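Visitor: Top line first, the protein sequences correspond to chains A and B.
So for the first sequence, our numbering puts the first residue at 1; every next one is plus one.
So for the second sequence, our numbering puts the first residue at 933; every next one is plus one.
Derived by calculation from the structure, the hints in this document are not laboratory data.
Each hint should be verified, as a subset may be incorrect.
Among chain B residues calculated to face chain A with C-beta under 7 angstroms, some are [as the list claims (entries may be wrong)]:
hint, residue
1, L1031
2, R1034
3, F1040
4, Y1052
5, L1053
6, E1057
7, E1060
8, P1062
9, L1065
10, A1066
11, R1069
12, L1209
Since this is a predicted model, take the numbers as computed values, not measurements.
Even for Gly, the Cβ is constructed at its ideal location relative to N, Cα and C.
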Amino acid sequence: MSPGLGPWRLVRRGLKVARGTVVALTVLAAVTTTYLVVTARVESRAADVAIADTVSQAPAQAREVGLSALPAVVPSRPDETGDPREGPTAPFEAVDEALRDVLGPEVVALLEEPTWAAQTEPLAATRPGGEAIRPDGTQAVVRVQSGLAERVEWTSGGAPGPALDEVRTITGPTGAAHPARVVPVAVSAGTARSWGLRVGDALDLTPVGDQTPMAAVVSGVFVPLEPTDGFWAAEPRMAGLAAIPTPQGGVVPQGALVAAAESYGAVSDSLWRTPPEAEEPAESPVLAATWRYPLDAGRLTQEDVEPMRRVLVRLATDSRLVGLTARPLETTTGLAGLLDRYDSAVAGARVLTSFATAGLTALAVLVLALTAIVAVRRRAPEIRLLRARGGSVRQVVAQVGTGTAGSTLPVVALAAVAGMLLVPGTTGTDLWLQVAAVGLVPVLATAGAALAQVRELDRSDASEDAVRQRRVVRLARRLVAETGVLAVAVLAVLTVQARGGQIAAGRTDWYAALTPVLVAIAVSLLVLRLLPWPVRWASGLAGRGRGLVAFVGLARAARTGAVAAVPVVAVVVGSSVLALFAALSLTIQDEREVASYRAVGAPARVDALRVDPEDIAALEARPGVGVAVAAYVESAQLVAGSRAEPVELVATDAAAYARVVAGTPLALPAVPGVEGDPLPVVAGALPDAEGGVELLVRGVRIPVRAAALDEDLVRDDGTRAVPMVVVDLARLREVVPAAQPDTAFLTVDDTGAAALDGLRDPGSLTPSGRVTGVATAGAVTDRVAALALPRLVAGTYAVGAGLAALLTLLAVALLLAATRPDRTVLVLRLRAMGLRDGGERALAWAEVLPVVAFAAVSGALVGTLAPRLVETAVDLSPLTGGLTRPGLPPHVPTAVGAGVFVLVLGALALVLDAASARRGSLADHLRGGDPA
Amino acid sequence: MTTTPTVRRRGATADEPPQGPDILCDNLVRIYRAEGIEVVALQGLDLTVGRGELVALVGASGSGKSTLLGILSGLDTPSAGLARVAGHDLSTTDRRARLEYRRRTVGFLFQQAGANLLPYLTAAENVELPMLLAGVRRRERATRARDTLEVLGIAECADRRPAELSGGQQQRVALGVAVANRPRVLLADEPTGELDTRSSDEVFEAIRRANSELGTTVLVVTHDPLVSEHVARTVAIRDGRTSTEVLRRDGGHPAEEYAVLDRAGRLQLPRAFTASLQMRDRVRLDLEPDHIGVWPAAPRPEEDS
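Assemble the whole structure, with the sequences as input and the hints as a guide.
Guide: Put into structure tokens, the structure is as follows:
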């Protein structure tokens, strides 16, 4: 004898019988829960990485706290001939201590090692005796700098030390002999090469104005270890020569001579020596001091955002930073903007992932409920038997509910715990609501379905009144449900449109996140109402022919009852979720490409001090490069009356440039001519003014007229997006002779782009070596795509799409399972009437596929239009790298693709169902008359 | 009124409900409504089954047998009339009372053996199931299940699943399930309908044993002449009413067939009788001192002569 039947044994045995359904439910619940938990955790991790991304992508000055103090003002003239003195004391340490105090340990822990510097105005550099270093004029700033040695590799010599005791007498601008201590300086390899300097070379540095000259000696020549380090961005002349434009249109090369921080007093004393009768000033009257406190991007997490915001407030108001220097300290930081951009990026990504998780949760809940309902329907005989044997409603519901969906809750809990253990990150409370829904819905659906079965069994009042009452109740219930869903969907759309701005700014609104799903459910109710009409019509058509199976199948499809309702809703929702994911993913991809072209201006761009024809020829000769065109690119303004709009001017051979950008988002609608006045331009926008429009470039106003306008012609310089104005370079130079080509736009193939992206020394690109930078649209696209938040959204959507496809497939399979009993009975009858072999499979196709097709097309349409409904709440710009908020236009090919894909899923489900039926019991086949 | 023969009752105990017939149907009506069409399945049915009786219920398909059993088992409710089983008035009982009634007062045996048993439980566990639902303690459940299977002659099947049993064994286990809670009344809906002759015999023997050894009143719906010929009383239903009864007495007496006269004085004449005398539409009645004569509407022979 067995050990005896107890409630748990009964449940366990029931579990074994329904193991197919139980496995489906638990796997589905576990996968969905894992997806939700992992997405939330990955999202929190991505938010941590995103702050690092935002900080590391920003210009150096924006990602650091910087302080600066102008030179002290002294009333007297310098002592030109007196003996050298110690000079003023550097303010570096005092300010550093105060600033650390203000920042507090929490923020100080996020900083890299700070550096400080003090710098002169440009000085004329000559060899002792006044011999020019180069014939084109050479200027240098002397920069007293900390932290140099850690960031360079010495090609010769070594780090500059403190000022030497050696005194050299230099004749100053006034003719007086000025004794000055020799200050050791380091110079970059590029500058040393250009100026022909070597270690040990002496330099005289003569200022403009009433300052006195100073003496320097080259102690070392270096190359930067990491040229992109913000250290060099603080003073690019340290790393190499800079071309400083002159008002006459020429350029003067300037370099920096880097002295040790200990030389602060000596440098200041050389350039401005305090007269013997005057008191030594507390600070240098010739050196402007700066302090850099760069953030270490690798240490930042989203939790640091709030402390940093508080610090930004303190920096502006804290009295501890007052009175430390002779002239007030100025704080320079772009952190506020960075943090705003970060918040906006995270909010945008959260809105997008919320669409994915909410859509997936809703779809999973529907399919889980559907699976539970189908499972309970299969256990109908068991329910009848339990009820007949005296099982109470509670006992029957508990037995069937626990035996079918009882394992879901613990599995969901386990999946959640596993997800939390395996993926680091944090989780919000919203997540647990979703997880609870996934865990509880199968249990509630099973219990509800079991209860409905019991009620159906117990319903014995067949009087006319009772029947009429039940019909009225059923009708009323359906109407109320449909009206309720419609109302909720409409409210959701209105809510998104009303609160779109707040949601895009970071407000989490699950109601809004569910909008696409709610609209899809509302549409699915419409589908259920409308479906019978076209299918009945098709059935009528089939009936006129000789296709019995098509006629019967379509006729049955036209009578989609309550059994098919949930699967149809699930297919519509699944199809809409797939279309929504695809539409948003494609829009992000498209807009990322647009943003990269707006940033680069062409498939590839080469920036240089000047671009000559031989440079263009050299660029075109490179493998993988097609057309190259020289251009003068400058920030300009379009002036209309009293209004001035900033624009990006691209003066070039317009016809050649049109060939370069043909087929890209910057394709020119027309080529501006070279003849006629005013100057013809092709522009992104042109102000409308009666008095005409003028282009203001380098202080020159040029009347212009629009040869063509295209609002997509926009350039993005990293801080703002402005309309682009394309003019003919030759025509421009007639009016602005200083407009020299400084950019080359190229067409490149993949090889050419890869070669340009991998270039370590841009100077080697052209014979002149004047290239300062290279950018390709592909590299910009790839860089943005590799950031944490775009990767998060792409990953969430890719996995979500897979899950949605699986759920939709399951929904169709369940639709087949739900309608199978009736179909089997029909097949038995049709077989008696001579139904051909395989007719039952054809019947299933004819019955189910039209329903799936109708639902798939409806869902795909909803998914394609849904982005438009939630447009106000979605800002894709942080994910595209663009600065303007792109629209979310409907993507018709996406709708078609999603619809076809769901139809294919439906066909796959039918094939799987047929294969599964072939593996049925022999008795079933014999009963059905199947010779298989 | 139907006649009620006296039967023995071995299983009678001291704590029994009030005396009276175990099954009493008086003018029982059940109307179904399907897709706008009303079907009167029972139209004033009268039936009385005394305690401990074993009665067969026969009738053509659609005559109302299964409907009657559904009502008596508490799975369905009458539209009108009285249905009382072991003192429970099934027209007025609420859900809770009906549940208790199903648990303790009646046992039900469906026609399909598979429909009586949960396929994932062993025979013994299936028998325990009603006891579990009724809240019987674990130890008592096991003991009573074993006893029940022994009484029914299938103790060796205790640990087998239904799929491992023959049809007859399945139906006997199902009988064990039906009587597990020692109900006063057992209702069986064509229990031998799907069985071969030998299995039918075994099942019917088991039913008879449940009737005699457990003292259960049994009402068996059957088409099986083997069954109906082996019970003391067979009630025939026609068009939703009891029409005739056949009583068989021990001692080699031939079976006697009775027509049922309801309280309103209605009488159903056997169709064979009316057909052979071509009685249609109207008959003529004559009251004699010791009987009532029923004549075709045509003139009587002596009147003609």
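Visitor: If you take the shortest Cβ to Cβ gap from P1062 of chain B to chain A, is it below 7 angstroms?
Guide: 4 angstroms, holds
Visitor: Given Y1052 of chain B as an interface hint, is the shortest Cβ-Cβ distance to chain A below 7 angstroms?
Guide: 4 angstroms, holds
Visitor: With a cut-off of 7 angstroms, does the beta carbon of E1060 of chain B approach a beta carbon of chain A closely enough for the hint to hold?
Guide: Result: holds, 4 angstroms to nearest chain A Cβ.
Visitor: Can you verify the interface hint for L1065 of chain B: is its Cβ closer than 7 angstroms to any Cβ in chain A?
Guide: Nearest chain A Cβ about 5 angstroms off; hint holds.
Visitor: Under the criterion of a CB-CB separation shorter than 7 angstroms, is R1069 of chain B in contact with chain A as hinted?
Guide: 10 angstroms, violated
Visitor: Does A1066 of chain B pass the interface hint, meaning its C-beta sits closer than 7 angstroms to a C-beta of chain A?
Guide: Given a least distance of 6 angstroms, the restraint on A1066 of chain B holds.
Visitor: Can L1209 of chain B be said to touch chain A, with a Cβ gap under 7 angstroms?
Guide: 38 angstroms, violated
Visitor: Given F1040 of chain B as an interface hint, is its Cβ closer than 7 angstroms to any Cβ of chain A?
Guide: 5 angstroms, holds
Visitor: Take the shortest C-beta to C-beta distance between E1057 of chain B and chain A; is it under 7 angstroms?
Guide: 4 angstroms, holds
Visitor: Please verify that hint: L1053 of chain B, Cβ, nearest Cβ of chain A, below 7 angstroms or not.
Guide: 6 angstroms, holds
Visitor: Using Cβ atoms only, decide whether R1034 of chain B comes closer than 7 angstroms to chain A, and label the hint accordingly.
Guide: Since chain A brings a Cβ to about 4 angstroms from R1034 of chain B, closer than 7 angstroms, the hint holds.
Visitor: Would you settle whether the hint for L1031 of chain B is holds or violated, based on the nearest Cβ-Cβ distance to chain A being less than 7 angstroms?
Guide: Holds, about 6 angstroms.
Hint compliance for this structure: hints 11 and 12 are not met, and every other hint is.
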